[in-house]
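Participant: In our numbering, the protein residues as written are 1 to 316.
What the hints contain is simulated information worked out from the structure, not anything from laboratory work.
Every residue, glycine too, gets a C-beta built ideally from N, C-alpha and C.
Any given hint could turn out to be false.
[To be verified] Cβ-Cβ distance ranges computed for the label pairs, FRET-style: (1) Gln280 to Asp76: 19 to 29 Å; (2) Ile117 to Pro228: 47 to 57 Å; (3) Leu305 to Trp172: 33 to 43 Å; (4) Pro41 to Thr131: 25 to 35 Å; (5) Val119 to Leu174: 32 to 42 Å.
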Amino acid sequence: MFVLKSVDLEGEGDVDGKMRKAVEDYAIGARDASEMILLKPHLEHLRSETMRIKELTCADLQVDRDAPDESVHRLDFLFDSAIRACSGAGPLEEADAQRIRAQISELAENVMNLDPISVPSVYKQLSQASTTLHDLHSSSEKLRFRKRSIAKVVPGQAMEPWSASPSGRIPWGLILAVSVDAAVDGLLIGLAASVALGSGLIMACATTIEMFFLGCSFCCKVLERRRPLYVTVSVCAIPPASLLICTVATGAASVSLKDSVAFSGLIAFSMVALLFLVFQELVVEAAEKDKEATWHVSICLYLGLVVSIILHMALA
1 MFVLKSVDLE
11 GEGDVDGKMR
21 KAVEDYAIGA
31 RDASEMILLK
41 PHLEHLRSET
51 MRIKELTCAD
61 LQVDRDAPDE
71 SVHRLDFLFD
81 SAIRACSGAG
91 PLEEADAQRI
101 RAQISELAEN
111 VMNLDPISVP
121 SVYKQLSQAS
131 TTLHDLHSSS
141 EKLRFRKRSI
151 AKVVPGQAME
161 PWSASPSGRI
171 PWGLILAVSV
181 DAAVDGLLIG
191 LAASVALGSG
201 LIMACATTIE
211 MFFLGCSFCC
221 KVLERRRPLY
231 VTVSVCAIPP
241 ASLLICTVAT
251 GAASVSLKDS
261 VAFSGLIAFS
271 MVALLFLVFQ
281 ELVVEAAEKD
291 KEATWHVSIC
301 LYLGLVVSII
311 LHMALA
């Protein structure tokens, strides 16, 4: 688990090549031996835990409900740990370490706030803490570790101590989905503004709130993997650009199409899109979350309706 930084060999021809090859073979052999020493404890732990879970298969033993769950989760950890040891994983990158610290703090807060008032209340609190734990586990499985390896030995050339993992691929599927959503929102804003300026402003305010939260989630997903700054900025700018371009293009086209069948078709499309969003997405989601709803959710709903009515009256 080390890096051979530089080797200065003197000589010419075949002698120099043989000496360099001997140094490389020695370095690789030393690395394999040292890694095997570090890997043996992981294998021993795996064998021990496997024998422990194997005892649960004995027919004459009473199998506890929690015992297999505990052993399986421990085996999962031991396998991940052994694989990291085989791949020569070093310390965590700083960005991943900060994210792990934040998730652990959130999990600790959820656990410390557990209050045994009633069984449904405890179940709800445990479900929330379990979700945080699941997110933490999912993040820990995708972490980037610094890797060390033996570099090619070249006389007189300094070697890099280690290099970070390569940047991830761009999530084009996610970009397409968010961009299409932004484009449809821009289309609705442009059509609403072409019919009545006040309606367009109300639609723009509502879309701003929606796209703020969607944009935060989208940017967090993009920032999960390390990429060059210009790539990250370009990717994050695609949905806002789609929203702006569709809004301007629809508003400009609506002027010339205002008294045509195409304009009526666009208005019909916008109404169907809004109805689909409300009844197929929001109402269904609200019905699924009805048991978890609290009083402030209902207050926010009616408050939003009041604000929209006031804005409509002020801009009319």
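Participant: Which earlier hints can't be squared with this structure?
Facilitator: Number 1 - this is the single hint that the structure violates.
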